[in-house]
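If you're matching them up, the sequences are chains A and B in order.
Counting from 16, one number per residue, gives the positions in the first sequence under the numbering used here.
Counting from 9, one number per residue, gives the positions in the second sequence under the numbering used here.
Treat the hints with caution; some may be incorrect.
What the hints assert, rightly or not - DEER-style ranges, computed between Cβ atoms:
#	chain 1	residue 1	chain 2	residue 2	range
1	A	219	B	296	55 to 61 Å
2	A	205	B	334	53 to 59 Å
3	A	268	B	161	19 to 25 Å
4	B	157	A	180	22 to 28 Å
Simulated from the structure, these hints should not be mistaken for lab results.
Backbone N, C-alpha and C define an ideal beta-carbon position, used for all residues, glycine too.
If you want the building blocks of each chain, they are given just below.
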Amino acid sequence: MKLEAILFGLTLLLYFLSSVSYHTHLFAGSDRARRAATVLVAVGVLVHTGAIGAWCVNHRGSSMLRDPAMWFSLVAYFIAILQVGMDWRRGWASPGSLSLPLAFVAQFYALLQTPGSAVQTPAGGRLLSPHVLPILLGFAAFTLAFCLAVIYLVQSRMLKTKRIGGLFSRLPSLESVSTGAHWLATIGFSMLTLGIVTGSLVAHQTWGPGWYLDPRTLTALVAWAIYAAYLGAIMLMGWRGRRTTYFLIVGYVVVLVAFFASVARPKSVHPPVAGVDARLAGALLVKHK
Amino acid sequence: MRIVLVGLSHKTAPVQLREKLSLYGRSPADTLQGLRSATHLDECAILSTCNRTEIYGLTREEDWQEQLLEFMARQAHVSPGHLQDHLYSFEGTPAVRHLFRVSAGLDSMVVGEGQILAQVKETLQAAQDADTAGTTIHTLFQHVIASGKRARTETEIGRGAVSISLAAVQLAKQIFQRLSNHVVLLVGAGETGEQTAKMLLADGAAPQILVCNRTYERAEALAQQFGGAALPYDRFPEALVRADIVITSTGAPHAIVTVEQLRQALRARRGRPLFLIDIAVPRDVEPAAGDLEDVYLYNIDDLQAVVAESLAGRQMEAGRVEELIEEDLRKFQRWLRDREVAPTIQQIQQWASSVVDAEQARLGVQLAHLSERDREKVEAALRVVTNRLVLPTILHLKEAANSGNGYHEVESVRRIYRLNQSDEAEPEAQG
Chain A
16 MKLEAILFGL
26 TLLLYFLSSV
36 SYHTHLFAGS
46 DRARRAATVL
56 VAVGVLVHTG
66 AIGAWCVNHR
76 GSSMLRDPAM
86 WFSLVAYFIA
96 ILQVGMDWRR
106 GWASPGSLSL
116 PLAFVAQFYA
126 LLQTPGSAVQ
136 TPAGGRLLSP
146 HVLPILLGFA
156 AFTLAFCLAV
166 IYLVQSRMLK
176 TKRIGGLFSR
186 LPSLESVSTG
196 AHWLATIGFS
206 MLTLGIVTGS
216 LVAHQTWGPG
226 WYLDPRTLTA
236 LVAWAIYAAY
246 LGAIMLMGWR
256 GRRTTYFLIV
266 GYVVVLVAFF
276 ASVARPKSVH
286 PPVAGVDARL
296 AGALLVKHK
Chain B
9 MRIVLVGLSH
19 KTAPVQLREK
29 LSLYGRSPAD
39 TLQGLRSATH
49 LDECAILSTC
59 NRTEIYGLTR
69 EEDWQEQLLE
79 FMARQAHVSP
89 GHLQDHLYSF
99 EGTPAVRHLF
109 RVSAGLDSMV
119 VGEGQILAQV
129 KETLQAAQDA
139 DTAGTTIHTL
149 FQHVIASGKR
159 ARTETEIGRG
169 AVSISLAAVQ
179 LAKQIFQRLS
189 NHVVLLVGAG
199 ETGEQTAKML
209 LADGAAPQIL
219 VCNRTYERAE
229 ALAQQFGGAA
239 LPYDRFPEAL
249 VRADIVITST
259 GAPHAIVTVE
269 QLRQALRARR
279 GRPLFLIDIA
289 VPRDVEPAAG
299 DLEDVYLYNI
309 DDLQAVVAES
319 LAGRQMEAGR
329 VEELIEEDLR
339 KFQRWLRDRE
349 VAPTIQQIQQ
359 WASSVVDAEQ
369 ARLGVQLAHL
379 SERDREKVEA
389 ALRVVTNRLV
399 LPTILHLKEA
409 ANSGNGYHEV
419 ESVRRIYRLN
429 QSDEAEPEAQ
439 G
């Protein structure tokens with residue numbers, strides 16, 4: 016078995032164990048589980064780095080950004096890195112119980128892909144990396160922002176209904192969750208903007224006029240508009256609290272749709288997200304017609 | 009030698025007696041030195057808090073209880089007979105276990121309170137400064153402090169608020185990231201409200217506190233006390249826009265904060281969370297206010313429920329802490345046992361080796377005709393024989409140590425091998 020496959024498999028296992036540990040900490044209050052989760056996800060990131068390095072060595076001459084299977088792996092990678100950052104800088108373990116399972120699912124989905132399913136994307140040249148990489152990083156940041164939005168709503172509900180035992184005490188304060196989500200959404204928005212700008216340059220060169228009618232491009236623009244409205248509401252209108260979290264949840268749903276749009280619309284100028292296993296992605300998200 | 013404890017606490021003595029024995033206002037070093045000279049304790053430490061005074065010592069004396077009773081009676085200026093009724097005393101493992109339980113907060117008035125751990129650390133520091141803490145007391149306290157920390161990190165014994173004011177502060181911290189960035193509005197001048205405001209300030213709450221009271225002079229006095237600003241009573245609805253934490257504790261017979269007032273304030277607040285702490289009875293805030301978005305309303309019953317839940321949670325954790333203590337206690341006992349028998353075992357082995365050396369020296373000339381290899385064989389045989397001869401004694405000592413009887417067996421073995429004559433044994437303790 017290739018070293019690359021072993022490392023990706025080990026990464027998956029570490030993300031799974033980390034997810035379990037984060038849940039054990041959140042629901043059972045175990046500090047040992049919390050420490051274990053932090054270590055497991057950090058080791059997971061290191062092993063994942065090694066796996067990506069091994070992929071680059073094994074596929075010399077080709078870019079991982081052309082392989083949609085690797086997109087999922089990179090999204091999982093970025094989610095895990097952001098979680099490690101939050102845990103380290105802010106001491107937040109609770110978002111890990113949502114973000115790490117998502118990283119696990121993304122990595123699992125990447126491993127489901129048939130080897131060599133790389134698709135030759137029409138978009139190419141030097142602008143491929145500045146287009147795909149920010150989009151994937153932005154996707155990861157929006158995922159974490161979504162997790163924090165869910166935590167905000169759950170915690171707000173618990174405060175309202177006065178169920179403030181156990182689990183509640185292990186959540187960060189409402190205000191810090193909101194601030195963290197804002198910070199992540201700002202990163203995601205910046206990355207999405209960069210990805211859209213570079214993507215439009217590539218698309219204009221490659222497909223000429225009408226490129227913007229691509230379903231994923233249009234959905235990405237809708238997501239961009241939602242996050243722009245979110246940031247505007249906070250920075251210009253001074254909005255805070257629950258109402259801002261709704262933007263993050265709706266925005267993330269649209270981001271997901273944008274990411275998987277080419278599965279639903281195979282004629283997209285973008286490559287399908289799941290290579291030859293697009294059927295599986297379709298079964299998971301939207302049924303093929 | 010054994011570890012002993014004599015003390016009194018809130019469970020056995022009234023405050024009038026506890027305060028007489030408290031170290032507060034006295035020099036811990038002088039008291040510890042006086043204790044050691046008066047009682048012949050080899051090592052000692054005094055744990056003194058508002059709820060307990062306990063003397064921990066290491067002694068060989070049989071009448072240690074009488075010695076400590078007399079010392080404490082002199083300190084408290086009471087008769088030993090009067091004091092004796094309020095004292096408890098333990099020796100060996102029960103004394104050590106008691107200190108572990110105290111450090112974990114299991115013996116505290118409020119189970120799991122965290123201050124005791126700092127006080128145990130101060131006790132050790134004071135004993136070290138006074139030079140009354142030797143290896144045994146030092147190691148005992150190190151184990152106890154580590155166990156106390158472990159109890160608080162690995163269980164939820166220290167979690168949750170245990171008073172109305174603390175419950176309010178805890179909830180405020182669950183809503184707001186830094187209390188210092190927020191404005192607190194105190195409406196009314198009730199005692200609990202004032203106490204809650206003090207707790208918020210002590211926890212780093214708003215640089216400015218707004219005080220609103222029907223009597224403006226009282227509001228001004230309170231505001232001055234908190235370093236905040238007073239507001240005329242009729243202007244408090246305006247302050248609902250500025251303040252993020254509102255504490256109401258007026259004596260008004262009806263609600264003074266209405267849903268309508270809050271709706272207006274919320275429009276200007278643009279979603280900023282508002283934490284309403286209604287400590288008044290009858291309630292100051294209309295109950296329907298709790299249904300408004302971004303408003304978190306807690307009345308006195310809600311806060312009392314938080315306190316009750318915390319206390320119940322701590323009681324439930326007590327069992328886990330007891331298990332953890334037993335685990336840590338075993339570790340300390342293992343250390344103590346090793347310390348108890350290890351020097352003697354080492355001396356027996358040295359004695360056996362010296363017997364072989366002496367015999368070799370005596371036979372040196374007679375074995376001169378043997379080759380180097382044969383002489384080595386003879387030496388090896390001698391060592392095997394002597395080691396086998398002392399092995400049952402060593403095993404017996406180890407077994408005795410494991411069964412907690414090491415102290416007596418060590419004494420017997422040392423007499424048999426005459427080890428006390430050659431050099432002084434290190435102090436051993438029984439835990």
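Problem set entry | Hint check, failures only | Checked against the structure, the only hint that fails is number 3, while the rest are satisfied.
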